[in-house]
Amino acid sequence: MFLFSILLSWTFIGWIILLIISINTNKEAERTRQQQIMMQMSGKQGSHHAIVWTIPLT
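Under full-length UniProt numbering, the letters of the sequence shown match residues 1 to 58, in that order.
Note that these hints are calculated values from the structure, not bench results. There may be inaccurate statements among the hints.
[Claimed, not checked] Here are the simulated distance ranges between beta carbons: (1) Met41 - Leu18: 29 to 39 Å; (2) Met38 - Ile17: 24 to 34 Å; (3) Trp10 - Arg31: 26 to 36 Å.
Built from N, CA and C at the ideal position, the CB exists for glycine as well.
Turn these sequences into a full structure, and let the hints guide you.
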């Protein structure tokens with residue numbers, strides 16, 4: 001019974017770690033997607049002003 005409780009707590013900790021990792025990767029993907037959109041917008045406008053603003057974010 002004691003072993004079972006340890007196993008259960010470790011599984012819970014593992015799920016939390018996985019959740020944190022997935023949230024971080026989602027944020028990273030969102031940021032790169034926003035950069036691509038900004039790059040496309042700047043390309044259409046013919047100015048490199050938006051690109052200058054995205055460089056500090058990387």
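Discussion item. Under the constraints set out in the numbered hints, which ones does this structure not fulfil?
Written reply: Of the numbered hints given earlier, the structure breaks none, since each of them holds.
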